[in-house]
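Novice: Residue numbers (numbering that gives the first Met the number 0), protein chains in the order written: chain A, 0 to 334; chain B, 0 to 289; chain C, 0 to 256.
Hints are not guaranteed to be accurate.
As the list claims (entries may be wrong) - To spell it out: a stretch of chain A is covered by chain C in this simulated footprint if at least three of its residues, at any positions, have a beta carbon under 8 Å from a beta carbon of chain C; those stretches are:
id, segment
1, 91-100
2, 191-200
3, 215-223
Claimed, not checked - Within a straight-line C-alpha distance of at most 25 Å, the following computed DSS-like cross-link-like pairs (lysine-lysine) qualify:
id, chain 1, residue 1, chain 2, residue 2
4, C, 28, C, 60
5, C, 28, C, 191
6, C, 71, C, 60
7, A, 321, C, 142
8, C, 64, C, 28
9, B, 274, C, 71
Claimed, not checked - DEER-style ranges, computed between Cβ atoms:
id, chain 1, residue 1, chain 2, residue 2, range
10, B, 180, C, 64, 46 to 56 Å
11, C, 137, A, 195, 19 to 29 Å
12, C, 79, A, 46, 55 to 65 Å
Honestly, the hints are just simulated from the structure, not real lab data. Here a beta-carbon is modelled for each residue, glycine too, at the ideal position from N, C-alpha and C.
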Amino acid sequence: MGRRKERIDRGVKVRSDGIYALNSYREVLYLAVPRLIPVVGLLVICPLFSDYWKEVIVSTAVYALLAVSWELLYMGGLISLGQSLFYGVGAYMAGALNAYLGLPPVLSIPIATVGGGLLCALMLLPVLRLRGIYFAMVTLVLPLLLARFVEATRILGGTEGLTGIDSFSSQWVAFYLVMVALLVAFYGFRRLEGSDYGLVIKGINDNDRAIMSSGINIHWYKTQILFLAGAVGAFAGAYGAHYDMFAGIPGFALDYSILPIAAAAVGGMGSFAGPLLGAFILVPLSEILRALGALRIVFYGLFLVFAVVGLPEGLFHFVRRKYEQIERWVEVDKK
Amino acid sequence: MFAAILIYGFINSSILALVAMGFNLTFGISGVANFAYGAIYIFAGFLVWIFLNTLGVNYFLSIILAFISSYLLGYLMYRFIILRVRGLPLSEVMATFGLGLAIMELFRYLDFVGVKYSLPVFIDGSVSIGGHFIDYQRLLIGVVAVALTVIFYFFTHYTKMGLAFRAIAQDDETALTLGIDPDRIGAFSLALGSSLAALAAVIILPLGTISVENGYEVLINALAVCIVGGLGSTVGVIVASILVGYSQTLTANYIEPHWMILVSLAAIAVVLVVKPSGIFGKQKELEERV
Amino acid sequence: MSAALLTVTGVSKHFGGVVAVDGVSFELKAGEIIGIIGPNGSGKTTLVNIITGFIRPDRGKVVFKGEDITGKPPYHITDVGIARTFQMIRPLYQLPAYKNLIPSLFSPRVRRLVGGKYGDRDAVAMDILEEVGFERDSSVPYKSARNLPHGYLKRLELGRCIALRPEVIILDELFSGMSIAEVTSTVPIIEKLRDEDIAIIMIEHRLRELFQITDHVLVFNFGRKIAEGTPEAVMNDPEVREAYLGSEDVGEEEIAC
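One chain only, chain A, in its complex shape:
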């Protein structure tokens, strides 16, 4: 006699992913509770923390925006190694609009979001025609070269950066702005993922020729995805510039590229909840481990390797499986 682990789906799942038959409030709650955790968590629980931790949470949200943007590109088969491109472009754009033209955040952030998204899409447009790792290569190289470019040409404040950018009118405005933006991006992208549009995007990743043969211009769709991801990243940058009252070369730094990927790897790629969860684990964790200095990036790097090689599933999918399935040991005959 031996033992075997048996996994059984809980009763509410019917036929196919995303189609449920609900018979009681209990089952409605069962489905609704996990879906409401982000809203309650971000808008109700996070504000209860001390001022110091609220700042950490704000920077977590900024990274989470970049991670969610990364996941959108991943969905379409585009691996971005340079989320800092989006962040940097957004930060400089909002910073310049504010410092040179005197536009208040109410105007500079929306303009930088849309403008940054367009600019990033434009810069990466030529790479979209190529498969495979070209996108990864170019996204890695671009922000680092742009940083040097600013340094060399001394435009936009050069190495000093743009300082004295207007801050938000109050801490609460700043706090809720980024939380609401994160929720909009998160739920918006999830909605997109579930729609037929999202299905086409995933199809491009799966098999681009079949999608082309369905009469769909895949370059145009990829461009749209790039714009959306770029806009969310640029928003993070524009917000960051106003929050820190500074836009500069650090905006193109590797931190903004590697942390979102590590968050996705730890939280679980392939769903938007994964990167969100990952960001809310990694950023506060690295705040606690601040004393370690450069060692943090070593950990991120190793996290990435382990996640990709060892547990491609990620934390979110693990938690989800535990939630959706009953596991038990059963006796079996051993032959």
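Let chain A serve as the given structure and place chains B and C on it in line with the hints.
Specialist: For chains B and C alone, coordinates are given in the frame of chain A:
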């Protein structure tokens, strides 16, 4: 002035070619983009320094030891990381990128920062060519770059191993039926690419200090040259190195050294718009592939 | 005589030193089925790839309803009304079978034709799958494409084409890998499409089944069209016999097997 540009442009091109060759070779053979390439470069540099200064090993022996270590690192990387995600290019990219970051930032954490981390030149002194003094180290870089190019050409066209490489680069399933083991060749390609990174490191690093930033710079330069020349094409790497190398030297001479970086950026931008797969790119554009 | 829907004129393509397609011309009319046969490597699939825009020809023209579509990108060619299946099947493996039709139903062409939005694309997808022989009330349409048998995947490809409401369908070895029963049940589907005035090009190796459906056959060898006509006529053509078997004294039955 003209002679100086000719010579310095040549040296600059040689540095770029040396830096890009290992990355490109690995990709050309097994299709693995080794984003830990820059990390291996400084790993080799620091290793030589440690052997030489901390352990008091002879310079030549230190270099040999660094070569062997880099070769092993590349091999182990394939064996324990790449092999598990083989055939998933995006996972390969993320895994090697993560590993590279970890290695580079580990050196930073261990405080390998400062001017004392520099390697001695092989032969001190310089030679005058057309009234311009070129130190022997720079001359050596040029010679090694040219020699390597020639060796690789003969290796891939006239030796059994080299031909096997090209076979696997074309189609690894067919190569399998010909009795070539793709995993052995894949591991070897990574090991070889890594030792080329080490070679580039030991002959280029004596020109300055070893720093973590070098690693990032090498990776950027290797990627830039490969993007411009066309990934996986040896001819492309040479041509792109010469193109970018001379344009950088010209820019530095006639405009301002600060603007050198602009050349790489402009080269990438132009190539991506005109021919996305690079000057000699084999990677065909989407529509043409069936 | 109605005007030709699709006209291919003098199309050539070489890869390196190999001539894959060499000066091929033919016409296709609405409601007509043309069979294309020939040995492996005779350029049949390359021709399909040229018509559907996956390969740009060196010379020659492809005209569809008066529009020159030579070298246009694949999505444009599908958009004007030419749908194809792939010899090497290319389903979206991650998705359930019926979801494989969604990209086609979501395409600009179909949205234009049905005037705005489909109410429920999933329901339309299920109808089409039933049409190509998926059992509606079974679990088959909901199965992930990864877990479907080959014959179903082939018919899924056909379904993907039908979903596009095309005017021309190109079937690249649709029958290969299908069981006899599957072929028998697929033939009426193709005949029904023809009766709806859709023009069809069939590349086939299963000649017996092909000749049941069509009496207009093109024979390819080494990239050239060596014969055109009814099955009987082309099979009695000495050059065709030579191409297929390398000798002349073989009966038609043996060729058809």
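Novice: Evaluate each hint against the coordinates.
Specialist: Here is what the structure says about each hint:
no.	hint	in the structure
1	91-100	violated (count 0)
2	191-200	holds (count 4)
3	215-223	holds (count 3)
4	28(C) / 60(C)	17 Å, holds
5	28(C) / 191(C)	16 Å, holds
6	71(C) / 60(C)	11 Å, holds
7	321(A) / 142(C)	23 Å, holds
8	64(C) / 28(C)	10 Å, holds
9	274(B) / 71(C)	18 Å, holds
10	180(B) / 64(C): 46 to 56 Å	53 Å, holds
11	137(C) / 195(A): 19 to 29 Å	24 Å, holds
12	79(C) / 46(A): 55 to 65 Å	56 Å, holds
Figure legend: structure checked against the earlier numbered hints; the only hint not met is number 1.
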